[in-house]
Structure formats: C-alpha cells, structure tokens
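Make the full structure from the sequences, and use the hints.
Keeping their order, the protein sequence lines are chains A and B.
Using our numbering, you'd call the opening residue of the first sequence number -6 and step up by one each time.
Using our numbering, you'd call the opening residue of the second sequence number 4 and step up by one each time.
Relax, there's no trap hidden among the hints.
Heads up, incomplete: computed chain B residues facing chain A, CB under 7 Å, no partners named: (1) Gly6; (2) Ile7; (3) Lys10; (4) Gln63; (5) Gly67; (6) Val82; (7) Asn112; (8) Glu114; (9) Thr120; (10) Glu142; (11) Phe143; (12) Ala148; (13) Ser149.
Honestly, the hints are just simulated from the structure, not real lab data.
In this text, a Cβ means the ideal position worked out from N, Cα and C, and glycines have one as well.
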Amino acid sequence: MKETNKPFEDEKDRPGPLWRFFLELSTIGLDAQPVEPSPLSPAHLMDIKPKDWGRAAELARGQSWRWVAGWAEDEDSMVSVSVCVERQGCYMVLRTRTNSQSPSILSHTPYFASANRPERHMHDLFGIEFVNHTHPQRWTRHQAWDNETAPLRHTFPKEGHPPKQTPPDKDYPFFKAEGHGVYEIPVGPVHAGIIEPGHFRFHAVGETLLHLEERLGYVHKGMEKIAEGRTADSLARLAGRVSGDTTVGHAFAACLAMERAANIEVPLRASFIRGLMAERERVANHLWDMGMICNDVGFAFAYYQFGRLRELWLRDNQALFGHRLLMDRIIPGGVKFDVSTEAVNRMKDSFKGLRRELDQLITIIDQNSSLEDRLVTTGHLTLADAQTLGVLGYVGRSSGQTFDVRHDAPYPPYDQLEVKVPVEEQGDVASRFWVRYKETRVALKLMEKLLDKLPEGDIAIAWVNPKTGAEGFGVVEGWRGEILSYVRFGENGCISRYYPRDPSIVNWPALEKLVLGNIVPDFPVCNKSVNGSYSGNDL
Amino acid sequence: MLGIYRKILTTGMLTEKFARHIKKPKQSAIEIREPEIDALGNTLKSTIDRRFAGSLHIRQVDAGSCNGCELEIHALNNVYYDIERFGVHFVASPRHADVLLVTGPVSRNMEEALRRTYEATANPKWVIAVGDCGACGGEFGVSYASCGAVSNVIPVDAVIPGCPPTPVDLMRGILDLFAKH
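If you want it as structure tokens, here you go:
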C-alpha cells in the first residue's frame, strides 16, 4: 500500500475519501480525532466515542465506504471494538471502547449487512451486546460454552471449562417457512462429499428454492485464543492453517501485519517470492474450482483434465518449494525458500505448457452447449446485492465489483507491477467460471513478470521483537479475495491478539441470495462457484 | 464433441500404473513420477481383494480440519493416483462405509456429529485419523473449542500423520491399517 504523509489527500493532492469523511464528521457535530501517526499504517485509525458509534457507521454508509471487518480486544478495564472500512483503496479503522463489565455498543447492521455475522461472532466470543442488531441470535457459539462465557476475554483460560461431552446444537432458532407445499431440507453438518462441515437449511416448493439459511461455526477451533502468547514464527504457522487452501494468503497477511508492527522491511527478493507463491496458490485453486464446477453439472471430462493440471502444478510446488500446498514457506521477515535460476526456467516452461493446455480445454468448454445450458443464468447474484454485501474476489468481480487489493491498495511486490483485474457483470455461475479462467491467465502473466524482474538479494531479514503493545495491519489479495490480518504484540514479542478476516466471512451470505429461485439440484454447483471456506469463516 | 475425443486421446493414460511394464506417458507439462504408487497400489489391491472381496468403502469426515487434508484426499481420485482402481471408493453415507477417514482436530462443535457418524457406521468398522491434527491435535491442540486428536472422541485404529499427508502417504496409511488389523 502506498505510504503517504498526507492521509487526507490522494496522489494528486485532491481531497481524498478520508478528508471527506473527516469533514462531514465535524459538520454533523461528531467529536472524533484521527490518531496521528497511525499505529495501523497504511490504514488510518480514528477514535470514536461510544455514543457516536452508530452515526459514524451511518456516515460511512452514506459516503459508500465498504464495511471490511470488525474485531474486539480485551483491554482489561475496557473492551475495544475496531471496525475497518475501505473506500477507493483507502483503509480506515474506527475504534471505540466500552466498559468491560457489561460491554454494550450500537450495532452497525442497520447500515451494513456485512456487519451481521462478524458482530454476532464478537458477541459470542467477547460477550459484547450489539444494540439494534438486525439478527441478534448466536453464531459461532454452539453448545461448547454458555451464553455467560466469553472465551476471548483474558480471564478465560485457553482450555476453558468444556462439558465432558459437548451436546448437539439442537435449539438454534432457524427461520420457519410455512404454507401450502413448502418443505424443508436440512443438510449437514456432515456432507456427502469430501468437504468441510456446515449446515444448510433449505425451504423449497417443488424443485424451486424459496429460502436458504446457513448455519456455520462447526469448525470453530478457537484460533484467535490459541494465537495468544505465540511467537511471531509460531503465529505464521497458525495463520497458514486458518484455511488450508489459502495457506500462502493468510501467512502473507499475518507476516505483513507483524512486520509492520515490528517496523522491519522485508528484502525485495522475498516480497517477489511471496507474490510468486500467492499467484501459484491462485492458479492451483482456480484450476481445481473450474474442474469442480464442471463436475457438479456432470461434465466429468473437464473435471479430470483440470484435476490433472492441478496435480502437475502441485508436484511442481513440491519440487520447487518443498511443499505441495506451500505451507510454512512464508516466515516473519521473509521467505524460507529461494528460487534458483533453474527453477525460474522450469517455471517459465511450465507456464507455456499450462497455457497451451488451457487453450485447448477452454475451446472445448466454450463450444459445449449443454455446459452452457447449465451454467449460464444459474446462481445469479445481482450487482446491487454484490455491492450491498461487499462481496469479494471472483464472486464480486463476476457481479461488477472491480475491487482487487493488488490493484487498488497495492503492497509489495504488486506495487511494482501493473495488475489487470478481469470483471464480468452477468453474476451467474458461468461468470464466476470465466473470471477464474481469466484470473488464471493474469496470474501466469504476473508470475512471468515477477520472475523476469526477480531482484538479487537476501530472502529474509532477521526478526526483531516489536515493543509491547505494537499493532500491525495487513491486507492482501488471497485467491478468494481480500484477506485482512490484525495483530497486537504483548510482552517479549508474544502475540496478544490475532484476528484474520477470510473473504469467506463476507462471501457466505451471498450464497444465500444467489441460490434463490434456482432448483435444489443446482445448489452444489452454486456453492462450488462461490467456494467459501468453512474453516476460514468459523476460525 | 470431436474436440473432446481428440483431447482424451492425446492426453492418453496418465494413471501411474502398478503393472510391471510402464510405458512413459506423453506429457506436455513438466512431470514428476511418483514411482512408489506402483508398488503401493499392488499391495493395496491384493489386500483389498483378499479382505474385502475387491472393494473398500471409505467415508471421509472432516471433524474440524483446515481443509488442507481434504485437498490431498481429493487428489487420491485424480488421474495420477486414481485410487478407485485398487478398489477404494469414497461413499456418501457412513451406512455404506467400512472405514472412516477422519481429519481433525475434532472441534467441540463437531464432536457430537462425529460420534453419531461413528455410531451410524456398520460393524466391522475401522477409523483412520488423518493429518497431524487428527493424530495428535497438531497446531490446534486441546482448547475450549477443540478436543484435539480424533482418538479423544472415538476409537482410532490407525493414524496418518503429515501436514497435510501427501496422496502417497495416504495410500501407505490405508495399507498400514490392514497390516495391523
């Protein structure tokens, strides 16, 4: 991201989005001050009084800021709530404090639909009451702890007080649909395939879906709690397991945040290798998803062909970086593996091979009318819904949302490259297929540029423990979309707070919208076209 | 349609054979062979033929994993490993399964679902805990939200460590189960 000394102005010295926000804050009589210099740079930090919390959100909504993420922190006598918003690539964190005995604060849900689940997550883990919340039922909490318990408070021990056997989560208040011919289909948490667990409650009439309600949280592993007290190295390992398919993305974001907190600059070569791995991860996942989308409508040919390309790609990962999924390759201060000249040539060869394969496959897929029949108009997400929900990554970019962190708020190595962002506007499963395809081509091009420009130098810099209380903020474009990472260090370089925001948290609600009016048997392909992470959502 | 046939023919057979003579497949991209699959597959196939009349049904259960193990279990079905040719088939219901392949750590929110899946599986049944997390709790361990290893919740017959285990590790692990039991 561009580090600038003039937070209120954009590159051309015109008033930036932050300036507009600040100006309007004072005109409506809100007393808020930006914290200078921002401890969360490149994001700006603004302290808001608890009574103004709702109006600040209303103002942000009015100025078309996007609600990015929300996280809380136990400060012993107080509980702080931080909300990150973004506009035109400018990130701003609004922060307020409430008392720690009975924390209560105004909800942002009347203004931002995307605040719904994150606020419920904060309620379940910190015991914060969000006044005027539009859907105040529990979310991450099932039956492993009770309503009076707040696992992320400092007084709560890591091992907790779990019951001997956790009872099933029976009494969740699901939406009830009634009427002639309306029936319910409960699915999960254990699904029929090799897939993560979650519960879906469908309401249908005949074959047509009237309503879908997601119930997630089944893979909540207490990641935020077990991050506490870890060293920087150990946090990078944990971040690499927030979601196994996004191991590079989360480790990248967490390391970026930690390095900013420690005020160390990563060698340029390391940043380039990080970018290279992030693009490799994007390609591996997109190849797999393209195959799976075809498979879910019964086109096995493409499934096996894309599966073959993915396997070759993963074997290259193993040969060149020492791990098929690239886990633990990014460490605080740099990367673990260097790229040799031989590896550069080998990768370039494999890009050529992959391009040739894609050309052949895409011609076949493009000409297949029965595939087109199943994918076009299926699972339509309107541009308006995409915007309201702040949908990210290929899901957003298939519904006209152009945002891409690599392009709009570039960080190393993307600040040295020009990133093309493919966008479609039909918003159906076919669009999400094509955006993935185009992103794969863009990723190949980006990797070639990264390899061509690969600077000489070290691949890591020695880690320096940041001072107690130092905070860091990292945002990267993972393969699913924008990943945010917040860290705070405690004493002796140990982590006191870690919050990762996977793009799935934002994209899951879009699935509830886009399946409506589709037939029940099209749910798998709709789900696959979004492909949210359960683990990244549940933490 | 002709395009599909042409592509299938030019791709050829890529499945890494367990027969004695291996013809090197034509491959445009870079290829690294996994020679172990041949030997492993042979042993696996003969064990399954002998013990399970030729077909072993596996139900995979994600009890809290980060999804890394699932990606590698999926890879067992791709054209290179094609584990189905050894008689190993992934099924949709625990009622159809001989083996539960469980990835962990078992989150407390999945604890009861895992227990019920185990109970729903007909006897005789075996459980394989997959990945470091399933084996010992791994990066997540035991906490207010996680029960840790799969063996903390249901009886486990074999473990396949690794973060995540590679497809070859998985094949070897399935074989190890029957060497022991």
